[in-house]
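Going left to right, the sequence shown walks through residues -19 to -1, 1 to 189 as mature numbering (1 follows the signal peptide of the UniProt record, and there is no 0) numbers them.
Quick caveat, the hints were computed from the structure, so don't treat them as lab data.
In silico DSSO-like links for lysine-lysine, alpha-carbon gap of 27 Å or less:
1) 167 <-> 185
2) 167 <-> 93
3) 54 <-> 99
Simulated restraints, written as ranges between beta carbons of each label pair:
4) 121 <-> 177: 40 to 50 Å
5) 53 <-> 122: 17 to 27 Å
6) 54 <-> 29: 31 to 41 Å
7) 175 <-> 95: 38 to 48 Å
8) 53 <-> 181: 42 to 52 Å
9) 182 <-> 61: 41 to 51 Å
10) 29 <-> 104: 25 to 35 Å
11) 181 <-> 97: 38 to 48 Å
For clarity, every value in this text was computed on a predicted model and none was experimentally measured.
Glycine residues also receive a C-beta, built at the ideal position from the N, C-alpha and C atoms.
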Amino acid sequence: MKFSAAILSLVAGSAVASTDPVEVLVCVESLCSACETFVTDYLIPTAAIPGMRSIMSVTYVPFGNAHIDLDAKTVLCQHGETECFANSYEQCAIDIYPDQDDFLPFVGCVAKIPTQFKMSQDSSFEDCADQAGLDFSLISSCHSDPSRAWDLQVSNSELTPEDHTYTPWIVVDGELYDNASHDLQKAVCDAYEAKGGDGGEACKTATI
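Can you build the whole structure from these sequences, using the hints too?
What follows is the structure, encoded as structure tokens:
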């Protein structure tokens, strides 16, 4: 009897572990104040909840409402060249460090940089790279490479849903997230449990 119970427990544990993480698509732009608020007040704190890493996978897309012209190879950002400059730094960091445990601290820091210090000032982004434990020389090299930076603008434009109408545009497992609710933790936990997962510690208590 004890052996059977142990087997059942092991099987149940395997079933929980095999549930795919909830895919959270975060489409933002670097000079959008609502985006900055979402990142600093909701995304970063939610990602930091114990156990959340195993049930939430973040795709972070810093492109937003920019317009890209593939023929002319130009990008027009909603808030001007400064935004394109900052978006590119985030795109490079994510490309070089694709693990969300690496890039989220960086973009969280960038979201806190005052607008005037995002204006073509590399030092602010270097400070964020240092805080996140990332190699700024790699990020800077990417940012200053016109070909690579362009390719990342293209790929980020492709990741941004064509039907998006505002930023931040958040999609949780294929469903548009209601920004007004400001409860990303609940949205992720509900989505995870809807496909048979047990959120465990990450979903036990509201922490935000």
